[in-house]
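**Q** Sequence:
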Amino acid sequence: IKLSDWELFWEIYPRKVAKFDAQKAWEQTKGSRPEIEQIIAAVERMSRKHNDTTFVPYPATWLRRGQFFDED
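Per this note's numbering, the sequence shown runs over residues 1359 to 1430.
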């Protein structure tokens, strides 16, 4: 079974909270977010930076802020 881009994002994102809001943000950012490979790389960079998920933004916030474009 191949996962959709949304399912893949949700599977790898380190803070699993507010799933419905995150899915809504995923749809809202459809035209402005990069390809899933770039999003995965950005999530991995962010995950390495934050050992404690307390400091990881909610997924909807991360998406709406366009934090997939953050440099570090």
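Honestly, the hints are just simulated from the structure, not real lab data. Source: prediction; values computed, not measured. Take these hints with a grain of salt, some might be off.
[Claimed, not checked] Result set (SDA-like, lysine to any residue): computed pairs, CA atoms no more than 25 Å apart in a straight line: (1) LYS1374 to SER1362; (2) LYS1388 to ARG1422; (3) LYS1382 to GLU1402; (4) LYS1407 to GLN1381; (5) LYS1388 to TRP1364; (6) LYS1382 to PHE1426; (7) LYS1388 to ASN1409; (8) LYS1360 to LYS1407; (9) LYS1360 to LYS1374; (10) LYS1374 to GLY1424; (11) LYS1360 to THR1412; (12) LYS1374 to PHE1427; (13) LYS1388 to ASP1410.
**Q** Determine for every hint whether it applies to the structure shown.
**A** Here's how the hints hold up against the structure:
1. LYS1374 to SER1362: holds, 17 Å
2. LYS1388 to ARG1422: holds, 10 Å
3. LYS1382 to GLU1402: holds, 22 Å
4. LYS1407 to GLN1381: holds, 24 Å
5. LYS1388 to TRP1364: OK: LYS1388 and TRP1364 at ~10 Å, within 25 Å.
6. LYS1382 to PHE1426: holds, 16 Å
7. LYS1388 to ASN1409: violated, 28 Å
8. LYS1360 to LYS1407: violated, 29 Å
9. LYS1360 to LYS1374: Distance of about 21 Å is within 25 Å: holds.
10. LYS1374 to GLY1424: Roughly 18 Å separates the two Cα atoms, so the pair holds.
11. LYS1360 to THR1412: violated, 30 Å
12. LYS1374 to PHE1427: Holds - the C-alpha atoms of PHE1427 and LYS1374 are around 21 Å apart, at most 25 Å.
13. LYS1388 to ASP1410: violated, 28 Å
The structure fails to meet hints 7, 8, 11, 13 from the earlier list, while all remaining hints are met.
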